[in-house]
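Colleague: Residues per chain are reported as follows:
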Amino acid sequence: MEPDKPGEQMTKKVLCIEDEHFIGELYKRTLDRSGYDTTLEVDGVKGLSLAQTDQYDIILLDLMVPNLTGIEILRTLRDSSKTPHLKAKIIIITNLDQRDDIRQEIEKQADGYVVKAELTPKELVEFLDNVA
Amino acid sequence: MDNLKKTRRQYHIRLLIAFFISGVLPLAVYIGIKKTVGLHNDYYGSAIALALVLLMSLFMASILARSLITPLKTLWELIISYSPQSNVQQPKIETLKIGREMVANLSMQVFKLASAADTNQQAQSAQLISLSNDFVANKLPLPLFVLDASETIIFANTPASDYVGMPNKDIIGKNFYMVMDMSFPSENTLDHWLKEVTVNTATASTSWERVKLNVLDNHPTRLFDLAAFYNKDNPNHYETMLVLFDHTKQYSQDDQAISFVALSVHELRTPLTLLRGYIEALDDELDTKNSNDPELKKFMENMRATAQQLTAFVNNILNVARVNNDQLELELHEENWAEILNSAVNAIRLRAKVRGIEIETTIAPDLPTVGVDRLSIYEVISNLIDNAIKYSGESKTIKIESHLNNDGMVETNVQDFGLGISSSIMPNLFTKFYRDHRNRSQIGGTGLGLYLSKAIVDAHGGVIWVRSTIGKGSIFGFTLIPFTQLAEEIKNSDNKDIVRGAHGWIKNHSLYRR
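Line by line, the protein sequences are chains A and B.
Each number in my numbering corresponds to the 1-based position in the first sequence with 3 added.
Each number in my numbering corresponds to the 1-based position in the second sequence with 616 added.
Hints are computed from structural coordinates only; laboratory data are not their basis.
Please note that the accuracy of each hint is not assured.
What the hints assert, rightly or not - In silico BS3-like links for lysine-lysine, alpha-carbon gap of 27 Å or less:
#, chain 1, residue 1, chain 2, residue 2
1, B, Lys913, B, Lys969
2, A, Lys125, B, Lys828
3, B, Lys865, B, Lys828
4, A, Lys125, B, Lys914
5, B, Lys913, B, Lys1012
6, B, Lys905, A, Lys125
7, A, Lys31, B, Lys913
8, A, Lys15, A, Lys31
9, A, Lys16, A, Lys49
10, B, Lys969, B, Lys1088
11, A, Lys31, B, Lys905
12, A, Lys125, B, Lys1088
What the hints assert, rightly or not - To give an idea of the interface, some chain A residues facing chain B are shown, with a C-beta separation under 10 Å as derived from the structure:
#, residue
13, Thr33
14, Arg78
15, Thr79
16, Ser83
17, Ser84
18, Pro87
19, Arg102
20, Lys119
21, Thr123
22, Pro124
Said to hold, decoys possible - Each pair of labels, with its calculated beta carbon distance range:
#, chain 1, residue 1, chain 2, residue 2, range
23, B, Asp862, A, Thr86, 37 to 45 Å
24, A, Glu126, B, Arg971, 16 to 24 Å
25, B, Asp862, A, Thr79, 36 to 44 Å
26, B, Thr837, A, Glu110, 34 to 42 Å
27, A, Gln58, B, Glu955, 48 to 56 Å
28, A, Lys90, B, Ile770, 40 to 48 Å
29, A, Thr14, B, Glu825, 19 to 27 Å
30, A, Asp132, B, Thr837, 46 to 54 Å
31, A, Glu126, B, Ser799, 26 to 34 Å
32, A, Lys111, B, Asp862, 31 to 39 Å
33, A, Thr79, B, Val815, 34 to 42 Å
Everything numeric in this text was worked out from a predicted model, so none of it was measured.
Each residue gets a CB set at the ideal place from its N, CA and C atoms; glycine is no exception.
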């Protein structure tokens, strides 16, 4: 776990929309230590507006967040009329097994999918390192 | 009618002539003879004359009778020939010398009567058929609707009106979509299908699953399968026939079961995520603080292994629910078996290690690639090793071996040298653990894992088995099909650009192909 050396590479910005405070905290801790710059957001609506206004490299999106579901956020972010210049890769992070129709939609719209319980924070970082 | 009057008149005239010829004429001849010959007192002569006249009268009468009876006989034959199931041939009226016209007229009447009777009989039987149609449709224990070309309901049986909850008279004549407000699972709705078939085809049939009936007032929603038959321009206007199969109970139970399991698993996974996260963070802290206390390190490893095992068990619950709901979906990809096996063994090595068990792996070189669903086959390996760990007892070794067997299949064996399994419970090993209460304590928690492993290996087209000796240990083996054998199947399916790993997937990336 090498801390990021400034100037060696661009720090990747991560937006983590996750309502479980402790999980978010663990992810931020590990990601920041691995050289990412992580912003945490627990609210769906606020998370969406952050994703639309600021540029991120990676958006970690929980499917069960307050005020707006992850699927709705995903749809809005993928709708170019509502989110014109999105360059972030969207990775769904969830512990909920999805219905077939939702799963198919996620496969179409998201860049990656992670079952949170299956990965420790470090393993998540390893996963994200491989996301182009 | 005119013909009949004419015939009757002809018959009267004929009777008069017959009466005249056979009665009046011989009498006149007799009187004439008496006057001209003058046989006033000659009894002998009178008797001869009378006998002559009588003879003549008889002769004339017989001729006349025949002229009357022959047409009657012909008529009689004619009527008999028209009567049902008769063998009598229809007489030829043209051959009649006397009364041809009369018989022809009468035969016309007979023919008319006969055909009228025929039509009547046909009409009656037709009515019977239509009645029986109604009868069957009404007794059909499935809601049935018949629509005309304008999608108006022209028939609805009793179950149909019961299903909709409206009296039959309120349904007939209404537009079908006004009576049935339906939600279809895809774009292909009844409306869509009808629009297409009315343009393109004469007859067509199709069906839909999981159609939802939206009801206005507080009735519960109904879920059904719908079958439709279309017949263009049906003479009775029976253009579209619809049959409903109510599956509300089955479908809603399924949905509830899935969501219950999914939600339970979600509730279990959230604290697990945290547990694993904090164990890792704590381990990190121990490292950075250079704490080399071996006991603490051991505790950490035990905690990590236990959390991992719990995660695997939670996945089993979810996957068993998927198997039970026929939702276990596999995506078979070409994979290097040695690499998958090693990677799965490495993931579970910690769990063995904390119990002091070493896993020895022997994989034959040059194994053919296999067609497997990585995520699922990981679980098979993981379950078999977890099982071996549980059954190892005092033994500290588990051997994993893989080779190409004589049937050309890639065979993998997981062997422990522990307790062994009693032959009496072997048949139940691959069934769900809760099915056999007597053996539950003996099998422990493995029943679920083995049941799942069998389902997954079966789905891969392989076979799974167990050999065991009490006190010596067990060997669990399974086979996989080489990829070349599956290549044809894969070729025909869509080429998926998503790479699945054991813990998630990334689009267009070969992360898990390392």
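Colleague: Indicate, hint by hint, whether the structure satisfies it.
Modeller: Results for each hint:
no.	hint	verdict
1	B:Lys913 x B:Lys969	holds (13 Å)
2	A:Lys125 x B:Lys828	violated (45 Å)
3	B:Lys865 x B:Lys828	holds (12 Å)
4	A:Lys125 x B:Lys914	holds (20 Å)
5	B:Lys913 x B:Lys1012	holds (21 Å)
6	B:Lys905 x A:Lys125	holds (19 Å)
7	A:Lys31 x B:Lys913	holds (25 Å)
8	A:Lys15 x A:Lys31	holds (13 Å)
9	A:Lys16 x A:Lys49	holds (17 Å)
10	B:Lys969 x B:Lys1088	holds (21 Å)
11	A:Lys31 x B:Lys905	holds (21 Å)
12	A:Lys125 x B:Lys1088	violated (40 Å)
13	Thr33	holds (8 Å)
14	Arg78	violated (17 Å)
15	Thr79	violated (20 Å)
16	Ser83	violated (18 Å)
17	Ser84	violated (22 Å)
18	Pro87	violated (22 Å)
19	Arg102	holds (7 Å)
20	Lys119	holds (4 Å)
21	Thr123	holds (4 Å)
22	Pro124	holds (5 Å)
23	B:Asp862 x A:Thr86: 37 to 45 Å	holds (44 Å)
24	A:Glu126 x B:Arg971: 16 to 24 Å	holds (23 Å)
25	B:Asp862 x A:Thr79: 36 to 44 Å	holds (38 Å)
26	B:Thr837 x A:Glu110: 34 to 42 Å	violated (29 Å)
27	A:Gln58 x B:Glu955: 48 to 56 Å	violated (38 Å)
28	A:Lys90 x B:Ile770: 40 to 48 Å	violated (60 Å)
29	A:Thr14 x B:Glu825: 19 to 27 Å	violated (51 Å)
30	A:Asp132 x B:Thr837: 46 to 54 Å	holds (47 Å)
31	A:Glu126 x B:Ser799: 26 to 34 Å	violated (42 Å)
32	A:Lys111 x B:Asp862: 31 to 39 Å	holds (33 Å)
33	A:Thr79 x B:Val815: 34 to 42 Å	holds (38 Å)
Violation of the numbered hints given earlier is confined to hints 2, 12, 14, 15, 16, 17, 18, 26, 27, 28, 29, 31; the remaining hints are satisfied by the structure.
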